[in-house]
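Chains as they are written, first to last, in numbering that gives the first Met the number 0: chain A, 0 to 244; chain B, 0 to 431.
Think of the hints as simulated: they come from the structure by calculation, not from any bench.
Owing to the predicted nature of the structure, the values given are computational and were not obtained by experimental measurement.
Watch out, some of these pointers could steer you wrong.
Taking beta-carbon pairs under 8 Å as the criterion, some of the chain B residues facing chain A (in silico) [as the list claims (entries may be wrong)]:
1) SER24
2) ARG28
3) ASP48
Below, in silico cross-link-like pairs of lysine-lysine (DSS-like), each with a Cα-Cα straight-line distance of 27 Å or less [stated by the list, open to error]:
4) LYS39/B / LYS65/A
5) LYS54/B / LYS14/A
6) LYS62/A / LYS314/B
7) LYS14/A / LYS39/B
8) LYS61/A / LYS71/A
9) LYS54/B / LYS61/A
10) LYS39/B / LYS61/A
11) LYS54/B / LYS39/B
12) LYS62/A / LYS64/B
13) LYS65/A / LYS156/A
Idealized CB from N, CA, C, for every residue including glycine.
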Amino acid sequence: MLRIRNLEAGYGKLKVLRKVTMHVSPGEIITIIGANGAGKTTLLKTISGLLRARDGEILFDKKEIKKHPPEKIVMLGCSLVPEGRQVFGPMTVRENLGLGAYVQYRRKRQEEVQQDLERVYGLFPILKERERQYAGTLSGGEQQMLAIARALMARPKLIMMDEPSMGLAPLIVKDIFAIIMKLRDEGNTILLVEQNAKAALGIADRGYVLETGRIIIEGPADDLLLNRDVQRAYLGRDLDGETKI
Amino acid sequence: MYWEPEYETMGREELEQLQLERLQSTLHRVYLNVPFYRKKFDELEIDPDDITSLKDLRKLPFTTKDDLRENYPYGLFAVPLREVVRIHASSGTTGMSTVVGYTKTDIKTWSNLVARVLTAGGITKDDVVQIAFGYGLFTGGFGLHYGAERVGASVIPISSGNTRRQVKIMQDFKTTALVCTPSYALLVADTINDMGININSLSLKYGLFGAEPWSEGMRQEIQQRLKIKATDNYGLSEVMGPGVAGECLERDGLHINEDHFLVEVVDPNTLEPAAPGETGELVITTLTKEAFPVIRFRTRDLTRLMPDPCSCGRKLIRMSRVMGRTDDMLIIRGVNVFPSQIEAVLCDIEGTEPHYQIIVERKGALDEVTVLVEVSETTFFDEMKKQSELVDLIRRRLSLELGISVDVKLVEQKTLERFEGKAKRVIDRRTL
Chain A
0 MLRIRNLEAG YGKLKVLRKV TMHVSPGEII TIIGANGAGK TTLLKTISGL LRARDGEILF
60 DKKEIKKHPP EKIVMLGCSL VPEGRQVFGP MTVRENLGLG AYVQYRRKRQ EEVQQDLERV
120 YGLFPILKER ERQYAGTLSG GEQQMLAIAR ALMARPKLIM MDEPSMGLAP LIVKDIFAII
180 MKLRDEGNTI LLVEQNAKAA LGIADRGYVL ETGRIIIEGP ADDLLLNRDV QRAYLGRDLD
240 GETKI
Chain B
0 MYWEPEYETM GREELEQLQL ERLQSTLHRV YLNVPFYRKK FDELEIDPDD ITSLKDLRKL
60 PFTTKDDLRE NYPYGLFAVP LREVVRIHAS SGTTGMSTVV GYTKTDIKTW SNLVARVLTA
120 GGITKDDVVQ IAFGYGLFTG GFGLHYGAER VGASVIPISS GNTRRQVKIM QDFKTTALVC
180 TPSYALLVAD TINDMGININ SLSLKYGLFG AEPWSEGMRQ EIQQRLKIKA TDNYGLSEVM
240 GPGVAGECLE RDGLHINEDH FLVEVVDPNT LEPAAPGETG ELVITTLTKE AFPVIRFRTR
300 DLTRLMPDPC SCGRKLIRMS RVMGRTDDML IIRGVNVFPS QIEAVLCDIE GTEPHYQIIV
360 ERKGALDEVT VLVEVSETTF FDEMKKQSEL VDLIRRRLSL ELGISVDVKL VEQKTLERFE
420 GKAKRVIDRR TL
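The shape of chain B in the complex, shown without the other chains:
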């Protein structure tokens, strides 16, 4: 099932023609309407007329979150406010928020692109979609809401929080699809257990999860516990919100809506293009945004491109699930460590729960990592020998995966804090 087959299955040559047309007109518009870009281009002596191929994109300067902050609130808008019908702000997990705007056409485009992602994830107009993302300045709630309405599904705009009520509504309203963060999906699964509800009595079929990095193991866990097909989707408010990319039911990488977003993967240190298929920082240029176009925006998200064709028939290139952010990447004794790597290992091991916390401390000159892992009640009250075997197993697997030794502590079920929004997995106590 495709939402816009003419674009989702478009041939590469046609797509690149469309991308170039849209890139050139976007560049002319930002040069004309956004002083920030004009100044930056002039300083580097770049004339938008010099961009004659997609490869020329590399000549353009990057835009960073700092640029967005420095132009707070409306400095980067490319249309006057009277054309703007919506204002959102980033969720702000990392400092001051950034403000983005949408014209009427932008909202239409947004709805359409999210509709593509939802369709790819199995949603049709017969579905009852429970949107447990926060509504408000955060783009997650509204973005998915518009997309689901566009598809024609019945939308329950429940927003985030009050998990028991979520579960009750899920049961009573016969929700078929859950939309939230993956960590919240696990909390919902816990709550369903706590409330003594038989998962088979629910109507859930699909789950579309995003807004935070998660692992394949976590997907398996969610799929098994909620008995759904769980797909990953990706977006960020600076670029548009959800709808940038999403997995199809093959669940092997997220199709990027390339006719609207031109993507590059660069080495976050050198900013040179990463070798094909290599992991690096995702950089996005919007091709159709009117109110808030961005040129080469550094997402800080780490991913790699998967150019091989997908068996779903979509020709849009895929990106791997986000493996972390360049700015939540931990450097432990010189080694790069992603929290999602730790999660993947934990999910692989029998007897552990996918709730964990990573504590980083500095003892003397050395970084110490302690991973707190929740274990099921039975394991926790098991004999000491079994417990220490489990700790050893986790420790060995982690050091194998990460290339550094870490400390592991088991904690009782539900002792770690639960998060309704983005989970905070890392506590970094180092003062460098």
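Isolated chain A (complex conformation):
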């Protein structure tokens, strides 16, 4: 579904990604883990077109998308749930979801929007309850759910999530991860970037460990949990102390 080869990207003179090679196959949950500054967010931004790749290949459904603008990449079916939710505070929940459906209107499939709305309300009943509330008044967990729901409104083939657990209480994190698993069970493909390595590897099929812009290890999630390099990437963190889900 997604195939990246020797991807390089950065900001100004700063090289953040150095020859990243990875792939995501349909139906998988793939997680990218790594310390702060390793390049995880940069990688997602580059895939979604928010940041221009300097070199390498990004093939989405066998099509090169490296030079596409973000809106075109979303049209092709690759959606990002950005770090820090980025919901539109002064707009209602319903309006936020409507914005997510933008590409469905562009695809002339507006008749499907109502159906999609029902579907995401099914996944997140709390959003239905708060349909007319301003997004800015929601709790952190609810905003995260809204951000995921908004991405789903575009009917993506690949959902990329940047730190969905960030700043959330452990119980809410558990809910969010349960939702990610549910999405996978429904046949979605997910690329998940997380600092909460243990939780992410707990639900992922495979994972990549990013360190200073390079992938230093990849493999089945179970193997990575045992791996010392994974623990080293989290120097100073007590893996056993993190939220269990």
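Dock chain B against the given chain A, drawing on the hints supplied.
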């Protein structure tokens, strides 16, 4: 039957993507964690970041057995010893041993890859597998043991030696699969005969043989005498042990576990890539090993790659059976001779036993090769005329095959030494 169909039948493009990902992360890890590789790369001004395709592998330096010896014992480990849960050493037929290590994940990977090989060779959880490889520092015993357990078979860890006891256990425990060296399989067949046991009373169905080069003729012989399907499997401790490659029941070449091992075949003299399908030295780069990754390790094993699809459905490329080692290759009067070629000829000829010894001597300036061949009792006590006809036949066939003339002597059955481990077929008395 596949063990991991998602990998064993993976398309080429997907496989190459996976290989590149794994190659790059392996290179970053060895550069970071193994001073030997970092120094070597720096000297050649190679940055792991420069390896952007599988073809770039060629830019990397080779690793040899000497490099391993010079870093004895732990110099090439890529993780600290506290992460290492197992240490093995090479069987050391050629000088000082080399030491290799495994993390927990490495052991898991190893078991899985051997399970693939065993499954390809016909083994299921219903089998009773007798492992007559030595347990201990040698990787053969443990590797096959883990794989067989992983498959869910009932494992008899009998180890090597005491052949009569092996046969008794084979009979009593209803062994269905024998795992050992091919030469030992023949010894087992001899012993079954000696003990007066009817082969049909045994439950044997499969044999998985490895650790030494053997020939197609020897396979036929083993299959007929033990009434089994015999498959070849390949591995070496420097790379992992058994589980690198193994034959499926088509018995036409060994499928290489390419998602874990990147292979090349090179001309052993020029070290340039051999032409597709040409015989050369197998060079292996590990893609997933944690404790003991190797980059472009020269195996000294001679083989060729068989890129044609196999009818078993596996898409993993095959290698031909190992035709010998670059270092046991005999150069006789300028001609390269492999002991396995001689074996193939002997197995083809009626009346000979596949036990033989090659004696190389230098008389004056010329190399002389004498092949001692065991013949069955009836042949040995046959009239002189028949004997000399047989000697002539073998001599002619050998010179045709090898391109040099050799001397042939017939010896009585069981006069040549039997080996429980790797057979020593060549006695080279030349002092050059």
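Checklist entry - So which hints don't hold here, by number, going up? => result Violated hints: 4, 10 and 12; rest satisfied.
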